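Each protein sequence line maps, in turn, to chains Z and R. Under numbering that gives the first Met the number 0, the first sequence has 736 at position 737, and the numbering climbs by one with no breaks. Under numbering that gives the first Met the number 0, the second sequence has 231 at position 232, and the numbering climbs by one with no breaks.
The set of hints was computed from the structure by calculation and includes no laboratory data. Since we're looking at a predicted model, the values are computed, not measured. Each residue gets a CB set at the ideal place from its N, CA and C atoms; glycine is no exception. Hints may be right or wrong, so weigh each one.
[What the hints assert, rightly or not] Derived list of chain R stretches under chain Z, where covered just means 3 residues or more per stretch with a C-beta under 8 Å from a C-beta of chain Z: (1) 72–83; (2) 127–140; (3) 192–203; (4) 212–226; (5) 291–299; (6) 306–317.
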Amino acid sequence: MSFPKERLFSLCLAAAVGLCRVAAAQPAPPRAESPPSSGDHRLTKAPRLLEMVEADLPSGTDLPEAAMSVNLELDIGPDGAVVDARVLESRGEPWDSAALGAVKRFRFEPAEIDDVPAGVTVSYRYDFVAKPPEPAAQPVHARFEGRIRDRRTGEALVGVTVELDTGVRTVTDANGRFSFHDVPPGTRAVTLSGSSLTPTMTEESLEAGQTVTAQYDLELAEAEVLIEQGSDFELVVRAPRITKTVSATTVSSEQGTKVAGTGGDVAKVVENMPGVARSSVGSGALVVWGAASQDTRVYVDGVHVPALYHEGGFRSVVHSDLVKSVELQPGGYGANYGRGLGGLVTVTYKPLEADGYHGTVGSDIIDSAASLRGHAGQKFRFAVAARKSYLDWMVKQFTSRDVGEFVPIPRYWDAQVRLAYVPREGEYAEVGGLASSDDIERRVSSADPAEVKSESKHSEFQRVYLNYRRDLDDGGVVRATPYFGLDHTRVDNRVGSIPAELTVDTRTFGFRSEWQGPVAPYAVVSVGLDAEVVVSDSSRVGSLTTPPREGDLRVFGQVPSNQINADDWSATVASVAPFVQADFSAFAGALHLIPGLRFEPTVVRASRIAPPQGALPAVGTTQMDGPLEPRVALRWDATSRVAAKAAFGIYHQPPFAEDLSSVFGNPTFMLGTANHYVLGAAYRLTEPVSAEVTSFFSHSDDLVVRNPAAAPAVAEALVQTGRGRAYGTQFLIRHDMTGRFFGWLSVSMVRSERVDPRTGAWRPFDFDQTFVVTALGSYDLGHGFEVGARARYSTGYPRTPVVGATYDARLDAYQPIFGLHNSVRIPPFYSLDVRAAKEFEFSDRSNLEIYLDVQNVTNHKNPEEIVYNYDYSRQSYITGLPILPVLGAKLTW
Amino acid sequence: MVGWRGGGLGLAGVLSLGAAMFGCRPSIEGRPSEVDAPRIVAVRADPAEVPVSTEVALRALVASPDVADDDTVLDWRLCNVRKPLASPGTIAGDCLEATPPAAASEVVGSAPSVAVTIPQKACEVFGPTPPAPEPGEPMLRPADPDTSGGYYQPVTLTSPAVSEGAPAIGYVRLACGLGAVTIEDSVEYRRRYHRNTNPEVAELAIERADGERTVVEPGGDPVRIERGEALSVEVSWQECPLADTCDDGVCGVTEVAGECPEDCGDPVKACTGAEGYLYYDPGSRALVNAREALRVSWLATAGSFERDRTGRTASEIAADSSNRWIAPSGSGPVRMWIVLHDDRGGVGWRAAELQVD
């Protein structure tokens with residue numbers, strides 16, 4: 000402790016200073032300076048201390064460890080002044096002198112003898128007492144140190160680079176040790192890398208004023224390779240985790256925001272991952288491994304959200320500055336997730352830190368966004384972010400005034416709020432909310448009443464959640480995420496007098512919890528519960544075939560059916576799924592076997608089992624099922640460079656509320672089913688370059704399809720007899736972000752098919768893309784300059800050719816006659832996008848980035864859809880985006 | 000987002016949003032108003048709406064650059080099967096086969112126009128009456144009505160000389176009543192619904208640039224115009240009263256025979272313009288008063304119309320429509336047709352002969 004000297008002591012005279020915490024001394028009964036000559040004299044008033052003086056200690060004198068007293072005798076004159084003082088019980092120097100010097104400056108109210116002021120002599124104990132320590136300033140930094148060893152031999156690993164997400168790094172010494180001082184507290188990402196090593200990341204929770212000591216045991220597959228060529232290794236973290244599934248592709252926020260064509264939106268990078276089909280311009284639909292876009296589930300920090308992107312696919316619904324990473328698992332994922340037949344997208348938030356106030360403000364021609372992160376003390380942290388588009392306003396400024404009536408420019412906004420409480424190291428609670436809103440409106444005027452078209456769509460969702468995590472002493476971890484959400488969608492389209500209206504209001508109650516921890520040196524187990532209740536109220540007016548479903552025979556611009564109907568219904572889909580999975584490792588961690596089991600009891604209730612019948616009351620129907628979903632994954636690191644992997648899983652997906660209409664769908668739907676089979680291998684070519692090949696096969700049953708009958712039973716417009724399959728191979732060559740460059744080349748060869756319910760034959764899925772090739776990279780030129788590029792090639796979507804046409808006299812329009820279903824394709828797509836950015840640094844943590852993102856820099860006219868003339872005798876193509884430069888700026892502090 | 004699922008989001012989104020938003024829609028040759036080969040452009044049933052087991056006259060308008068439309072012999076067939084529920088078209092594919100199955104299609108005759116009796120089961124096959132299920136099977140789904148509440152018996156027309164033998168589809172609106180509604184609504188509908196009447200062209204006129212207006216009479220002499228001359232072609236139809244008044248010559252949507260025999264007696268006095276009619280709105284599940292929209296199709300063997308189709312929406316009161324037509328640069332006869340379509344399947348047309356000098 001180092002306090003100012005003058006504040007060190009409290010000098011107390013017990014009789015006079017009641018404020019002293021430690022009672023000091025009681026003056027002894029005074030005695031007369033001159034004893035009375037006769038027994039008639041008596042002390043009528045005791046002296047009372049009026050003015051106390053603190054003792055002066057010589058410079059550099061430290062406090063005594065414990066309270067200390069010097070007993071004195073004071074001669075007090077008739078005027079109250081201390082005439083003399085003597086030490087009765089010494090404590091040595093400098094205490095005795097300091098006490099004498101102080102008491103001689105005391106002032107007393109004089110004593111009285113026989114009611115007359117008189118001199119007296121008193122005993123006095125002078126106490127040197129430390130004042131209660133004032134609150135100490137909170138430590139603002141943590142210390143992080145540790146050691147890295149060879150897991151097999153226990154020997155120290157020398158030269159491993161340890162880097163924190165704050166940007167600081169160090170290298171392990173001859174004993175394998177490393178240390179960081181003055182680390183900003185919080186959950187820090189720790190990256191371990193080294194010559195010829197794959198950068199591996201883990202997390203540590205650092206608390207201000209504390210020292211965290213970590214020990215990482217790295218398993219080296221072949222020692223000789225390590226010595227000569229570097230090594231691949233697996234990180235064994237103290238808090239064990241279930242090994243990732245075999246097909247996951249993860250991109251950090253740092254990399255994702257630099258990919259050309261994404262406009263700095265990290266979640267947009269998902270479109271470039273292997274196994275993902277290129278979505279049509281303005282769509283943003285995620286077609287993963289040939290699965291329908293709605294079969295891929297999206298989670299943001301454990302909270303299910305209905306969409307990853309805003310309408311039009313320009314932006315994701317989560318601000319990039321809150322995002323730590325985005326991961327796509329196209330199939331074969333573990334038992335902790337379910338309810339989807341396709342892939343899984345998980346957006347992981349950055350942990351909130353108590354390291355000051357930071358934020359961003361960004362803007363380009365599409366939208367503007369801002370974020371702010373901060374804290375109140377060390378335990379309370381927050382982050383807010385918001386974005387709003389103004390592309391519709393921009394378009395009106397630079398195009399004709401009425402363009403908005405013809406061109407549906409999406410308008411959107413989103414916002415996120417996060418409030419975190421970190422009561423102690425290893426415990427974290429966060430309350431947060433997400434909100435997103437999209438609007439599209441368009442009206443096409445025409446002199447022909449049948450050609451007057453209007454299109455209006457509003458969709459929004461809100462989520463509130465609580466994320467709780469606690470690290471257990473045994474290395475385990477407990478997580479719980481309850482959440483509640485509201486979704487609202489309203490579609491109001493009209494072509495002439497033909498309506499297509501749909502309103503869906505959904506309330507979602509979700510709860511995810513999981514315990515994960517080691518049960519043996521070779522086993523990590525995860526047990527949890529994944530519950531979701533979705534309650535929907537829907538209404539629909541329009542044609543059964545508008546909008547079309549996957550598999551419908553149609554062409555762009557075709558006059559919609561004017562046979563209409565209407566329904567309003569409610570639906571509840573509830574499931575409470577316990578799951579368990581384990582990660583068994585063997586051969587010193589070279590082999591990982593991850594079996595899992597998920598039990599998915601599901602209840603589906605629809606409010607109408609039959610279409611409205613006059614005044615008859617609605618009768619509901621309830622279906623129940625409880626399938627088991629076994630899943631297993633295997634990973635074998637055969638050598639330091641080569642790994643093999645495999646996975647299998649059974650997945651189920653509940654029906655969508657929109658399909659549970661007794662008029663437009665079928666209220667008795669239950670679960671669709673898919674089986675995923677995955678086989679792959681990975682090979683590390685050089686230090687930062689890895690190659691991966693993954694083959695997969697999936698087949699789906701009980702898919703919802705149109706009822707092919709001319710007059711089906713009532714409430715069976717849709718049936719659950721569809722079947723699908725997808726198979727293919729994807730290649731990924733990835734250069735990790737070491738040094739100045741990162742990038743990857745992905746090649747996906749996928750065939751996705753469905754059984755045509757009319758013919759029973761297999762035909763290509765509407766969104767099948769046989770080849771998708773994506774090459775992208777970003778290079779740091781230094782001095783704040785950065786360039787990037789992305790090249791994409793993809794096979795066109797299949798389409799059904801029109802082989803003739805008939806004139807429909809009632810519609811006064813031609814109706815196409817179709818050939819073989821999905822037997823032709825739109826020509827392939829090719830695009831080259833480039834990105835250039837310049838960063839101006841103002842300080843360590845503040846900078847301004849100005850970027851130019853140019854999509855389709857070659858202005859290649861990519862066919863996006865086939866169009867026909869009025870009688871289908873001639874065809875042409877709608878082309879997609881022309882060259883589209885997007886200039887933006889982003890200020891970070 | 001929640002919304003149209005099952006791939007519908009993809010197609011709907013991609014096509015209506017993506018393509019329209021950013022894409023460039025090309026201009027493809029060929030316009031429906033240009034008649035450069037014989038083709039069927041309208042099919043009319045008289046009466047326009049009939050109950051089952053009723054005879055109806057069917058006539059087609061064949062637009063041709065060089066053949067009188069009334070002369071074209073057509074093969075008429077009744078289509079007697081419903082199209083698959085999910086089929087995007089309006090008629091069962093079997094009925095469009097070159098040699099349709101007998102169970103699907105019934106030969107009516109070969110002639111420019113024919114008379115046909117609507118099958119007894121038409122309201123069961125194409126209307127609101129649920130088809131009879133097999134014993135032990137659940138009730139079958141009836142057909143959905145169109146946006147005017149109508150159900151239709153399809154017919155097919157083919158001719159080797161027209162559209163390379165490709166079939167055209169005509170319809171007869173069926174008077175079937177309502178489907179699954181309350182008894183009160185059903186009774187009210189049968190009482191107040193008045194069957195459709197075909198629209199008729201009241202007047203066809205041509206207005207030149209100098210303001211001279213010429214009324215084109217049916218069967219009259221060709222109107223002489225100059226090469227490249229820009230004309231305004233105007234068509235009008237009967238103005239139907241917006242408010243129902245008994246004895247105004249039109250049996251309105253709120254009038255019934257018992258209360259206004261002058262208009263709604265036998266025969267019912269109908270309007271040949273945009274009629275009002277009673278409509279069962281499936282969204283609100285209530286009977287509402289509606290009014291027809293009228294579409295006008297413009298066709299000519301030469302020259303070019305500014306628009307292929309015009310018309311009036313249900314909310315527009317005007318009973319006329321006009322279009323701009325540029326005469327061809329070469330001289331010769333030009334045939335022009337103006338076809339009226341109402342919302343309930345009614346059709347009427349007028350032809351005009353022009354001579355370009």
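Taking the hints in turn, this is what the structure says about them:
Counting residues of the stretch 72–83 of chain R whose CB lies closer than 8 Å to any CB of chain Z gives 4, which reaches the minimum of 3, so the coverage claim holds. Requiring three or more residues with a Cβ within less than 8 Å of a Cβ of chain Z, the coverage given for the stretch 127–140 of chain R holds, as 8 such residues are present. Check on the stretch 192–203 of chain R: 0 of its residues sit with their Cβ under 8 Å from a Cβ of chain Z, so the three-residue criterion for coverage is violated. Residues of the stretch 212–226 of chain R lying with their CB closer than 8 Å to a CB of chain Z number 0, which falls below the three-residue condition for coverage.
Counting residues of the stretch 291–299 of chain R whose CB lies closer than 8 Å to any CB of chain Z gives 4, so the stated coverage by that chain holds, three being the minimum. Counting residues of the stretch 306–317 of chain R whose beta carbon lies closer than 8 Å to any beta carbon of chain Z gives 8, which meets the minimum of three for the stated coverage.
Consistency note: the structure conflicts with the earlier hints numbered 3, 4.
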